[in-house]
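> Sequence:
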Amino acid sequence: MRQGFVIPVYNHGNTLESVVLALAEYNLPILVVDDGNDQENKNFIQAVARKFQNVAVIVNKRNRGKGYAVCRAVKEAHKMGITHLFQIDADGQHDTRSACKEFLDASQANPNALICGYPEFDSTVPAARLKAKKISNDWTEFVALSKGEIKDSMCGYRIYPVEPFYKICRSAWIDSHMGFDSEILVRMIWAGVPVIYKQVRVTYPVGGKSNFRVVRDNIHISFMFARLTVGMLLRYPWLKAKQIKRRKLAARVEG
Numbered sequence: 015m016r017q018g019f020v021i022p023v024y025n026h027g028n029t030l031e032s033v034v035l036a037l038a039e040y041n042l043p044i045l046v047v048d049d050g051n052d053q054e055n056k057n058f059i060q061a062v063a064r065k066f067q068n069v070a071v072i073v074n075k076r077n078r079g080k081g082y083a084v085c086r087a088v089k090e091a092h093k094m095g096i097t098h099l100f101q102i103d104a105d106g107q108h109d110t111r112s113a114c115k116e117f118l119d120a121s122q123a124n125p126n127a128l129i130c131g132y133p134e135f136d137s138t139v140p141a142a143r144l145k146a147k148k149i150s151n152d153w154t155e156f157v158a159l160s161k162g163e164i165k166d167s168m169c170g171y172r173i174y175p176v177e178p179f180y181k182i183c184r185s186a187w188i189d190s191h192m193g194f195d196s197e198i199l200v201r202m203i204w205a206g207v208p209v210i211y212k213q214v215r216v217t218y219p220v221g222g223k224s225n226f227r228v229v230r231d232n233i234h235i236s237f238m239f240a241r242l243t244v245g246m247l248l249r250y251p252w253l254k255a256k257q258i259k260r261r262k263l264a265a266r267v268e269g
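Here my numbering runs 14 ahead of the position in the sequence shown, where the first position is 1.
Worth flagging that the hints you see were computed from the coordinates, not collected in a lab. Among the hints, a few may not be true.
[Stated by the list, open to error] Below, in silico cross-link-like pairs of lysine-lysine (DSSO-like), each with a Cα-Cα straight-line distance of 27 Å or less:
no. : residue 1 : residue 2
1   : K181      : K256
2   : K256      : K161
3   : K212      : K256
[To be verified] Estimated spans, in silico, between C-beta atoms of each pair:
no. : residue 1 : residue 2 : range
4   : Q53       : A240      : 19 to 27 Å
5   : Y250      : F66       : 45 to 53 Å
6   : A142      : M15       : 37 to 45 Å
7   : N41       : T243      : 42 to 50 Å
8   : E155      : N68       : 36 to 44 Å
9   : K115      : M94       : 32 to 40 Å
10  : F156      : M15       : 27 to 35 Å
11  : K262      : E155      : 17 to 25 Å
Quantities reported herein were computed from a predicted structural model and do not represent experimental measurements. Ideal placement from N, C-alpha and C gives every residue a C-beta, glycine not left out.
With these hints in hand, go ahead and build the complete structure from the sequences.
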């Protein structure tokens, strides 16, 4: 097993160094994706790359979206022989210092699994974000045939086994923007990848920037779930059989 990190960056160059600093002790490769940033944010990214030897920068000439950025990093990780890629957002909202080792250890112990974060929010969380998460979780459970199994479909704090992700990137069109986290989770479940959820503390800093664009991203997300609904219906007998198998296994473990 060879682990590494990916940090997609768009408009959060000023918080990147603090995120990378929290990862430095693990001495693992860090793929930073410059997703079409302006010059100010590029300067922050380049400064971090000069300061930390294990940081490699992947540059998108224009902003292509988080999903595109992570998929590109997965393809690069596959070339590098990285087997497990830890996705962390650049905005510093996740308590990486407290959670990182637990996630890495869980991946080591469960190399076939997707280790998926779910947030422990504090009082700074916007009410609209909670509502959006509830809607996204409900839709994800529906298209994945995973009722009661999805703790969070939107959290950007995850460790992916690279090989199944790489195969999905080569065979399916994945939402390039804010629908990415939910879609890749569904497609991983469809592919039979087990999901282990771990909690991570999340704080929304005062004055923090959001890359969410209400019209554009809601259109992307709606279209994404429409596509996945069609995909679920086409796969329904097979997915239903897998759901029954998962629940029988879970019952045996609990018993």
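> For every hint, state whether the structure bears it out.
Here's how the hints hold up against the structure:
no.: 1; hint: K181 - K256; verdict: 20 Å, holds
no.: 2; hint: K256 - K161; verdict: 13 Å, holds
no.: 3; hint: K212 - K256; verdict: 23 Å, holds
no.: 4; hint: Q53 - A240: 19 to 27 Å; verdict: 38 Å, violated
no.: 5; hint: Y250 - F66: 45 to 53 Å; verdict: 47 Å, holds
no.: 6; hint: A142 - M15: 37 to 45 Å; verdict: 39 Å, holds
no.: 7; hint: N41 - T243: 42 to 50 Å; verdict: 43 Å, holds
no.: 8; hint: E155 - N68: 36 to 44 Å; verdict: 38 Å, holds
no.: 9; hint: K115 - M94: 32 to 40 Å; verdict: 22 Å, violated
no.: 10; hint: F156 - M15: 27 to 35 Å; verdict: 33 Å, holds
no.: 11; hint: K262 - E155: 17 to 25 Å; verdict: 19 Å, holds
Hint violations for this structure: numbers 4 and 9, all remaining hints satisfied.
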